[in-house]
Amino acid sequence: MRLLLAILCVGILTYCHPVQARDALSISYADWDAVLKQTVMDTGRSDRKPASRVKTAPASRLTKTNPNPTRLEANRVFFHALGEDNKAYIAAIVDSLSRVPDSVPLREFSPNEQLAYWLNLHNATAYSLIADEYPESNLKGFHKDNWHRKVLTVAGKRWSLADIEVYIVNRWQDPRVLYGFYQGTIGGPNLRREAYTAQNVWANLEDNAREFINSLRGIQLWDGGARVSTLYADYAILFPDFDRQLKAHLMRFTDVRMTSLIANLDQFEPEIEDWYIADLYNGHLGLTTSANTNPARIVLATASNPNASPQDIAAIIRKTASSGKYPRHVQEFLTELVERKRHLREAEVQIEELDPGQTQDQ
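Under mature numbering (1 follows the signal peptide of the UniProt record, and there is no 0), the residues of the sequence shown are numbered -21 to -1, 1 to 341, in order.
Watch out, some of these pointers could steer you wrong.
As the list claims (entries may be wrong) - In silico lysine-lysine, BS3-like type, Cα no more than 25 Å apart, as pairs: (1) Lys129 with Lys66; (2) Lys66 with Lys28; (3) Lys129 with Lys119; (4) Lys136 with Lys123; (5) Lys16 with Lys66; (6) Lys123 with Lys66.
Said to hold, decoys possible - What follows is a set of in silico ranges between Cβ atoms, one per label pair, in the way DEER data are often shown: (7) Asp202 with Arg137: 43 to 49 Å; (8) Asp111 with Lys16: 30 to 36 Å; (9) Pro306 with Gln224: 42 to 48 Å; (10) Gly204 with Ala71: 46 to 52 Å; (11) Tyr146 with Ser31: 20 to 26 Å; (12) Met230 with Pro306: 20 to 26 Å; (13) Asp74 with Val145: 18 to 24 Å; (14) Ser7 with Ser239: 42 to 48 Å; (15) Leu244 with Arg32: 23 to 29 Å; (16) Trp201 with Ser116: 22 to 28 Å; (17) Glu185 with Ser239: 19 to 25 Å.
Derived by calculation from the structure, the hints in this document are not laboratory data. Quick caveat, the model's predicted, so the values are computed rather than measured. Just so it is clear, CB atoms sit at the ideal spot from N, CA and C, and this is done for glycine as well.
Whole structure, please, built from the sequences with the hints as guidance.
Structure follows, in structure tokens:
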């Protein structure tokens, strides 16, 4: 057995199931929540600086690194650490979730409980499918092959991931729901380190919205214009008067500096994509390590500690790099990511426009 999340070592699985909470029905996501806490790495907020250009290794024409300017953004999943038993456990969570309406019709739950259910089912299913496909570097083909595949049966009806997204968008008609759709890619909204619940769903969607919109994955400024994520074009039904309504939506979540930068813009081109997988290895496995002893957790925890000095952070990076636990491209990613987190602590975020010559690899 290659890795392990302590929660997944138990012999008896604790699936998601309806429970009575005072006078209202709710659904327990304890098992899915544990998976997220053990396998998702929070990389923090974007500093809006495009990642440095990728350098190939000596004597090589090949690179194992995502070349896009957004490559340091988005939370990461430790797919490399999942063994077959873990994958089976996660698939069992998906199966259990899909069976909830067989016990209690979804209409018996509150609207917020229903939204949390559909988002968790969508994200656990996407997670499971990607885990089975891993290692894979670019997920564009994977999305084309799998997002419309009817892989779920819920309340007697066959569903795909795309079906769930369309249902949620049509049912709630609120742009905030878009930030709950885990895509597995750098270019998509974050997978959070906790399950959605009726109590946290809207607050967490809004937090995801702020992170995404204020990152280079959401908006890129250049030559007095703006590009935005293709996510907004995919669900343009939520923005019938596209530029005007999208601008109003974006400005609801932009920080002060970004608000001032887009205030006078009246056109937003949905062109930003980054199909590379949001993992630690960019789908290129070398040496691997257990999720329980993963040095990435130590590195990022140190970088996030407001009392950690630059010397402390540098020491952790050197120790991790010399440990041999990660191949070169992962060490470089962690080094650059930690350096950014240090700068974010030391100074006010400076927003830099993209170099027009720094194009994206799609």
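Against the structure, the hints:
1. Restraint check for Lys129 and Lys66: satisfied, since their Cα atoms lie roughly 19 Å apart, inside the 25 Å limit.
2. Proximity of Lys66 to Lys28 is assessed by CA-CA distance (about 35 Å); at most 25 Å being required, the pair is judged violated.
3. With a CA separation close to 18 Å, the supplied pair Lys129 and Lys119 stays within the 25 Å bound.
4. A hinted pair counts as satisfied when its Cα atoms are at most 25 Å apart, and Lys136 with Lys123 qualifies at roughly 22 Å.
5. A threshold of 25 Å between alpha carbons decides the hint, and for Lys16 with Lys66 the separation of about 16 Å falls inside it, so the pair holds.
6. Taken as a hint, the Lys123 and Lys66 pair is honoured in the structure, with Cα atoms around 22 Å apart against an allowance of 25 Å.
7. Remark: the range hint 43 to 49 Å for Asp202 to Arg137 is upheld by a beta-carbon distance near 47 Å.
8. A beta carbon spacing of about 21 Å between Asp111 and Lys16 contradicts the range 30 to 36 Å that was offered as a hint.
9. Distance hint check: the CB atoms of Pro306 and Gln224 are about 45 Å apart, consistent with the given range 42 to 48 Å.
10. Between Gly204 and Ala71 the C-beta distance comes to about 48 Å, which sits within the given range of 46 to 52 Å.
11. Evaluation of the 20 to 26 Å hint for Tyr146 and Ser31 yields a failure: the beta carbon distance comes to about 41 Å.
12. About 42 Å separates the C-beta atoms of Met230 and Pro306, a value inconsistent with the hinted range of 20 to 26 Å.
13. Separation of Asp74 from Val145 is about 22 Å and conforms to the stated range, judged on CB atoms against 18 to 24 Å.
14. One distance hint, 42 to 48 Å for the beta-carbon pair Ser7 and Ser239, holds here, with the actual separation near 44 Å.
15. For the pair Leu244 and Arg32, the beta carbons lie near 27 Å from each other, so the given range of 23 to 29 Å is met.
16. At about 27 Å, the beta-carbon gap between Trp201 and Ser116 stays in the expected band of 22 to 28 Å.
17. Take Glu185 and Ser239: their Cβ atoms lie about 21 Å apart, and the range 19 to 25 Å holds.
Hints 2, 8, 11, 12, counting from the list given before, are not met by this structure.
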